[in-house]
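Protein chains in written order, with the numbering used here: chain A, 1 to 326; chain B, 1 to 326; chain C, 1 to 326; chain D, 1 to 326.
Since the hints were derived computationally from the structure, they do not count as laboratory data. Misleading hints may appear alongside valid ones.
It does not matter which identical chain is meant; a pair holds if it fits inside one copy or across any two.
Here are the computed lysine-lysine pairs in the DSS-like style, where the Cα-Cα straight-line distance is at most 27 Å [to be verified]: (1) Lys295 / Lys127; (2) Lys127 / Lys190; (3) Lys120 / Lys97; (4) Lys127 / Lys77; (5) Lys190 / Lys235; (6) Lys120 / Lys101; (7) Lys120 / Lys77; (8) Lys175 / Lys190.
Quick caveat: nothing in here was measured; it's all calculated off a predicted structure.
Number of protein chains: 4
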Amino acid sequence: MGKIHLRHLYQAIPDAVLVAVSDRFYERDKFVEEYPGIAFSNDSDEVLAQPEIDAVVICTPTSTHAELIEKALEAGKHIFCEKPLDLSLSVTIDLLKKAEKRGVKLMIGFNRRFDPDFSKARDSVTKNVIGDIQVIKITNRDPDLPPVGFIEHSGGMFMDFSIHDFDMARYISGKEVREVYARGMAFIDKRVEEAGDIDTCLINLVFEDDTYALIDNSRRAVYGYDQRIEIFGDKGMIAVENNLYNQNVIYTQSSISQALPLNNFSERYETSYLLELKGFVNALVKDAEFPILDKDIISATAVAYAARKSLKENRPVLVSEIMDEW
Amino acid sequence: MGKIHLRHLYQAIPDAVLVAVSDRFYERDKFVEEYPGIAFSNDSDEVLAQPEIDAVVICTPTSTHAELIEKALEAGKHIFCEKPLDLSLSVTIDLLKKAEKRGVKLMIGFNRRFDPDFSKARDSVTKNVIGDIQVIKITNRDPDLPPVGFIEHSGGMFMDFSIHDFDMARYISGKEVREVYARGMAFIDKRVEEAGDIDTCLINLVFEDDTYALIDNSRRAVYGYDQRIEIFGDKGMIAVENNLYNQNVIYTQSSISQALPLNNFSERYETSYLLELKGFVNALVKDAEFPILDKDIISATAVAYAARKSLKENRPVLVSEIMDEW
Amino acid sequence: MGKIHLRHLYQAIPDAVLVAVSDRFYERDKFVEEYPGIAFSNDSDEVLAQPEIDAVVICTPTSTHAELIEKALEAGKHIFCEKPLDLSLSVTIDLLKKAEKRGVKLMIGFNRRFDPDFSKARDSVTKNVIGDIQVIKITNRDPDLPPVGFIEHSGGMFMDFSIHDFDMARYISGKEVREVYARGMAFIDKRVEEAGDIDTCLINLVFEDDTYALIDNSRRAVYGYDQRIEIFGDKGMIAVENNLYNQNVIYTQSSISQALPLNNFSERYETSYLLELKGFVNALVKDAEFPILDKDIISATAVAYAARKSLKENRPVLVSEIMDEW
Amino acid sequence: MGKIHLRHLYQAIPDAVLVAVSDRFYERDKFVEEYPGIAFSNDSDEVLAQPEIDAVVICTPTSTHAELIEKALEAGKHIFCEKPLDLSLSVTIDLLKKAEKRGVKLMIGFNRRFDPDFSKARDSVTKNVIGDIQVIKITNRDPDLPPVGFIEHSGGMFMDFSIHDFDMARYISGKEVREVYARGMAFIDKRVEEAGDIDTCLINLVFEDDTYALIDNSRRAVYGYDQRIEIFGDKGMIAVENNLYNQNVIYTQSSISQALPLNNFSERYETSYLLELKGFVNALVKDAEFPILDKDIISATAVAYAARKSLKENRPVLVSEIMDEW
């Protein structure tokens, strides 16, 4: 993710000037050769100390987010941070409050909102093309399981994976989630279960107006990265289909076949990552509202908490049960 | 439905000889003109009294099924009856037991199993084309709400409508359902709610092996009869798409557009109704096992009961909770 | 073809009463068992002699058409005859004239006009959905080469095969063809070339108003029966796509695949054969104009002649060159 | 086109160092602001005079190509020039010969070869996925007519527009064209005809091995930029379909509709322009063979000549008739 954002900042976002990059492990010489003219340090403090820097982009493991954000807040830098902000909802809320107090802007990366296909679908909904939404169905399946070591520190499937879909459901519907019912299993790898996690799940969301979303997730679809949404309203339906590798259709004696879906997030969501960061930069430059707000971050995180509780207790859980604890 | 079966028996099922038809309200003269050579009566007892009749097809309102079936059983006729056998699971079980005792065969019409697209999908599953099934998603939406008067006597959405999908989930997976969680609302018409029913619902099924099915139902999709299934396995996915009115694609300045899905059950499932009745006749002629068995009827009905209970109590319900009551 | 028409007349065309069938080789006993109540003879004269017969359907080899039609004309029977009427344009014109003189109606089977997809496309053209037509593209490919023995007596590819497309081009456009340029080769089987024929061809038609049609034909597409049309107008395009065996889409590690096109004419054009014969019967019963007229038969045949000449001389040929010879 | 290549050279082709840009009309100040660090001149001679420049990219009107290329040749610069090199085949051949004599590499921009979908199709052909090619069908339609003033100096539809398809036919098949038959009309605008040109055409190509290509071109498809290819072989078919704006499908009461094809060449062929220029740079850096060779340029131009002659004389024209004149 860091490389993607770095490339975009270096080349493709004219309103931002890339000043310095910090990575604990990358070799300075290699970096300098690749990105001539950009300062580099293995120590992020050095970067934060530079007064001409207005904003920082944080793409580190989730466990390091809180500390880095605290430092950036103290340095008065605006912050773009990869999702999730933190595995703890209380820490998340706390960080957002601190940012507000310091007058620093903090945005997290729910990139899929910026995907042209999904934002086009959201536009159609807003323009009332399909009337009042009754059911949203989100299919989100990864092409393959990440290393089990990653899963162990991921915060669990809901927080690491489904959280994109919780945000998407809120983004498409423009509504808050009231209730969550989640089922899940480790179908793909025993070690996922041993790590206390799941790799496949179904989640029913009930919005505040009694309409629904249905999410189905899997960490392994052998045919590739399956990213689809269906939005069913009283005047019609919008189906966002997969982006395929190419538009070639091959007819043979045995079948008519097409190319597979784009197979990884960097290919599939390339444009969304760029537009997301442009949205961050643009909001800073124009002092405008962020395209992703504090409540988006908090709500999606709370839904993930509720899903976790629902799975554990095998019952529908109100998001207010989660929020009431804070 | 009666007309569809009549036409098929009259014309298209060589192994069956259509002897007599009974309808309480149809005019004899009109019938005789339309179906020369076939006996007709407004009194079903007259038909049941004919000794050369081996089997009967019952397509009457659900509330009359039990009485007619009892009579047919006494007359020793084999019976094909439209779904549901009865709104009461205990009556259903009772009728099936009586039929068994009398040596009479009784089959009910879960026609969609016979749809060429769905049975092809089942074939592919059986041939292990997509490996072990993890999630089945069934979308079943009617083009429009039936008269509210019909809904009032329908037994409710799960028993009248979703029961097809409960059967389909069992048919595709070859597994029994262990647990049901259902959500539903009356989005389309207030009068549905007043009648104590819903018109839109989502149902999660958990099979005995912890795999899932997701069903979403609506009594009104403005774009037509939406009949799709997705079967997700560890080696791939099968998607059964809608059957459209034609294969014409029209490109204009504003869009690329296709024809709508076949808009009603008699068009969409024409072939399945024929194959279903052929299956019934064939099993009788060859004294073979029916393509739909007692346990199929009982299980789908029990799942409908469980869904009703789940909706009422907003909690997952075990099918065994239902079965244990009998 | 005879069997298809026989089944339709026996079962599915209420306005026609099937009286008698003649086939030189079929066994009477077998026929009587299959079609109880229908007279049968190995001698067509016996059938033609029956006074209660108003019309006959001729499905014999092309070489026998002229003689049978002459006999039917003399017997005063209306005639439906499979295409082509005759390999000779002069004989064709002569037969049509004789029929007119005797007040007998003679229609030939350009069944594809009755295909629901193609007639829907024609409707859209008539309703000006795509404006003025500029180019029509017809792809017509058979799944496999017929026996070379058949090809030898077929009248050649243009008369036997492409003639459907010549009729389709006239049907879709509602225009007469002015000029023809044809290229062709025997790619599939050497013996086709030895028989003096081709198995693959491209034909450019220029209509009377300088607009175009492009036809490409092959006697063997390994992926099945490829039957597509594109109609390009100044306000849009209509593409009639293939009818596939089923709507199942299978996603695996290697591809997304669909079922093949319906593989033979009896499957693909089942409905068109029924509607064609219904059109014939309906025109007789209502004394209305036939859906296929003399000029349709003559024009399509003349275009086939022009194509043959064009191929031979490798130059564009005016249809008037052909017509002027008669 | 100049802007596209400039952007790519500035940002996206690491192996090339952009030194200087010349444009007769662009303002220096504006340029310098947009492309800091790059030299700019309104006089191309100044650019050609710079010794550290190894290669130039020429994107000027066709009428200026010959003079600029001559100058670049004298300056010893390698040259990438937009198609066509020149409207005159003799000038084209002459320039290529001069380049060869001077040891300068000259490549022209048949960018579509580099389009990922088309090159994937070419790959599949090479890998024998569909066996021996029998027929190639190319549909190439622009979304709208260019200004008539442009058409007047374009060299005519075959040289300006269809030449892409002549190259594509050769690229996909790997074969030389032997014979050409072309039909064409001005359907869209009377002024095109007055300018002595056409706006719609059909071209049949016969390759050296008697197989075919069919090209249909229009300067205006109201539904957008229609860029499709079908390749029919004895083992199957490859269809390259259009690239649509998005993957959203909208279902309403009246239709199922998709987004239109990408509407202009800069969107549709963005990637191909980049890969084309990368191919040029790569061949220079590695001293490797160009992906587009002299014979590609000469052959496509000769086919355009043959098409022009065919249209004029309404007869098939051998490409050798054209080549023999030089």
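**Message:** Reference check for the pair Lys120 and Lys77, CA-CA at most 27 Å: within, between, both, or neither?
**Reply:** neither (32 Å within a copy, 46 Å between copies)
**Asked** Quick one: Lys175 to Lys190, C-alpha cut-off 27 Å, is that within a copy, between copies, both, or neither?
**Response** between (37 Å within a copy, 22 Å between copies)
**Intra- versus inter-subunit Cα pairing at 27 Å for Lys127 with Lys190** = between (46 Å within a copy, 25 Å between copies)
**Up to 27 Å CA-CA - Lys77 versus Lys127, copy category** = neither (37 Å within a copy, 55 Å between copies)
**Request:** With 27 Å as the alpha-carbon cut-off, assign the pair Lys120 and Lys97 to within, between, both or neither.
**Result:** Intra 32 Å, inter 52 Å, cutoff 27 Å: neither.
**Prompt:** At most 27 Å between C-alpha atoms: does Lys190 with Lys235 qualify within a copy, between copies, both, or neither?
**Reply:** between (44 Å within a copy, 17 Å between copies)
**Message:** Reference check for the pair Lys295 and Lys127, CA-CA at most 27 Å: within, between, both, or neither?
**Reply:** within (24 Å within a copy, 48 Å between copies)
**Message:** When Cα atoms must be at most 27 Å apart, do Lys120 and Lys101 count as within-copy, between-copy, both, or neither?
**Reply:** neither (35 Å within a copy, 55 Å between copies)
Of the numbered hints stated above, those contradicted by the structure are hints 3, 4, 6 and 7, listed in ascending order.
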